[in-house]
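**Student:** Now for the letters of each chain:
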Amino acid sequence: MTLSVSDVELLKPDREVGIIGYGAYVPRYRLPASEVARVWAGGQGGTPITEKSVPGLDEDVVTMSIEAARNGLVRAGDVDPALIRAVWVGSESHPYAVKPTSTIVAEAIGATPHTQAGDWEFACKAGTEALQAAIGFVGSGMARYALVIGMDTAQARPGDALEYTAGAGGAAYLVGPAAEALAVLEGSFSYVTDTPDFWRRAYQHYPSHGGRFTGRPAYFKHVVAAAQGLMEALVTEPADYAYAVFHQPNVKFPQTVAKRLGFTPAQIEDGLLVNEIGNTYAGSSLIGLTAVLDVAAPGDRVLLVSYGSGAGSDSFSLRVTEAILERRQRAPATRDYILRRVEIDYATYVRFTRALRE
Amino acid sequence: MRDVAIIGVGQTKVGEHWDISLRHLALGPLQAAMADAGVARADALYVGNMLSGELAGQEHLGALVADFAGLRGVEAFKIEAACCSGAAALRMGYVAVAGGLADIVIVVGVEKMTDALGPDATTALAMAADGDYEAAQGISFVAINALLMRRYMHEYGYSHQDFAPFAVNAHRNATNNPHAMFRFPVTAERFARARMICAPINLLDSSPICDGAAAVVLAPADAAHALSAAPIRIAASAVGTDALAVHDRRDPLVLDGAILSTRRAYEQAGVGPEDIDLFELHDAFSIMASLSLEAAGFADKGQGLRLALEGEIGIEGHVPVTTMGGLKARGHPVGATGVYQVVEVVQQLRGLAGANQVPNARTGMAQNIGGSGATVVTHILERMVD
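Protein sequences appear in the order of chains A and B. Each step along the first sequence adds one to the number in my numbering, with nothing skipped, and position 148 is 148. Each step along the second sequence adds one to the number in my numbering, with nothing skipped, and position 76 is 76.
Treat the hints as calculated values from the structure; they're not laboratory data. Any given hint could turn out to be false.
For lysine to any residue, the following SDA-like pairs were computed, each having C-alpha atoms within a straight-line distance of at most 20 Å [what the hints assert, rightly or not]:
no. : chain 1 : residue 1 : chain 2 : residue 2
1   : A       : Lys-252   : B       : Leu-352
2   : B       : Lys-13    : B       : Gly-354
3   : B       : Lys-13    : A       : Pro-217
4   : A       : Lys-252   : A       : Arg-216
5   : B       : Lys-13    : A       : Phe-213
6   : A       : Lys-221   : B       : Trp-18
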């Protein structure tokens, strides 16, 4: 047998795997984009979203990851946490530069001590990168279950365009055997190049970005390539998918890329959360997927495409199973978190994000 | 002094050339101009550029571009005069050929700005102003132009909306120019709604930060017919200067450097404003277009805007300006702009301007302004054959 290029490029383990449980988390505080415009632009000009989520004073990527992980485990049912052989957290805002977020999360959910634990970094696709690794880990038989989290408390320089959108939140996924899955993986695909569109160096509080360069040669090129590559390898087309979720740094980019790929607004509507919670970076596409799993029907196909600056995209094709109907009831829905909302002003936001430093 | 002719031109589309380097950007139009001229070698290469050191970490462009273009060994320098670096490089090429020191000279203007972060580009551009007395006080280039525009509106009683015709005309012309950055029309209504940049200057008053390169090949006019089917004579090449800082000028609303530059060009060519069939002016901001029209003698003080309002700046108007889109819509890759302007005048005089052809164009003028008016280079070109 000869392998075609698409056989080589498609990421799929020999053993069938899927998502056993999923959980979302969004902090309760919301900063309207109009507040940023009021302070920095004299209230003039448009805003890229309506409002964004802001973490409370006692929240960080560790606490938020634990919240999402617990929701995921509740949905997975009676999985013994000791059988979770990997806890991997992707984020741009790990509280420690050296010391894993993942060990704290693993300890909190009872997965220690016989587990892998590691923090992943690839800008906004650190979570999906970890998801692919978990798929391989479980698919190879090295682990029965692996827990993957994409979570961020995104940073933005005060007054920068990113400040309108840099939000907080994310999602956790427990990967396991397909027989136990609420959504079975059909295949994954990656497209990665060295494209410096957005970065933050060590000891810097806030990221830098290349302005318009973050668009065509960065987000659009990689998202389109990852989505098209996956659909070509699987011989699927947009009409085969009930839902599609794209990384969502703002409202316009995912809408534009969906249209370019041939998806309808209806296909992306349920997973497009950025207008209400902002860009949750490593959590952005993954929490879009939890919102879709909250409403999808058995048999539905879902396309997920992340984007991480620097740059790359991971795409996933999932098929929802009957198990979704009962399991999604077991934990708060993504929309429950979105509706749990306390509006704050810019001054409170400054306090919560510790933007005033000594 | 010998008469000098342009025997070849080349230009690349202005835009965001993220995928190629500065030297590569210069190469395309340089080779196109050499092919257009039918020459395989040159006696000298002059590179017009303002910001390569600041934004690309690269100076020494003369030898760099020469080597990359396969011209290793040729005399080559970079010429810098802020936003009129391109025309200044052409001026030096003209001097070399007119003085008999070189026969074939290539002039290429190149600028690569979009690889830098926006604030870094703004800071670099401020080097065109007076470093000690303007830039160090925190004023950016757009802010200087905003002050001039505000004063102009105050002195002569114009509204901001009165400036709309410059953007409307530039964008309309760029629609037909395959080398332009913004190939779409804008309306006066869209101008009224455009995002404010630095009051009263809005987005559509402003030329874009962009990348581009353009080139011309020069030869002695008496040899030009043998080398080119459509040579264009450089009837005048002239430079005028003024104080760098606006507050040091005789009158902030009078471009003395442009008056000097234009007067010298008219004298050299033996023409006046009434003989100019089209005028590629330096519309970095719409206020500069008004001030240029006045300095070049097309309108009295405070009346440059009147020409635009009366519809005289269109292709069929009395003074067609920005006939291929100008700095506003073709784009303003700073050190390349002056060469683009001249390439476009050549297109017009060759009758190859397509839908934007100025009828019976015989004499065209290009004026490139450095800073807010401290260096002004003017070229008048004439058709050599009918």
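**Student:** Take the hints in turn and mark each one as holding or not.
**Tutor:** Going down the list of hints, with the structure as the test:
Between Lys-252 of chain A and Leu-352 of chain B the alpha-carbon distance is near 40 Å, which puts this suggested pair outside the 20 Å criterion. Distance hint between Lys-13 of chain B and Gly-354 of chain B is fulfilled; the C-alpha atoms sit about 16 Å from each other, no more than 20 Å. For the suggested pair Lys-13 of chain B and Pro-217 of chain A, the alpha carbons sit about 18 Å apart, so the restraint of at most 20 Å is met. Taken as a hint, the Lys-252 of chain A and Arg-216 of chain A pair is honoured in the structure, with Cα atoms around 13 Å apart against an allowance of 20 Å.
Only pairs whose Cα atoms come within 20 Å are accepted, and Lys-13 of chain B paired with Phe-213 of chain A is accepted, the gap being roughly 18 Å. Of the supplied pair hints, the one linking Lys-221 of chain A and Trp-18 of chain B holds, its CA atoms being roughly 13 Å apart against a limit of 20 Å.
When held up to the earlier numbered hints, the structure conflicts with hint 1 and nothing else.
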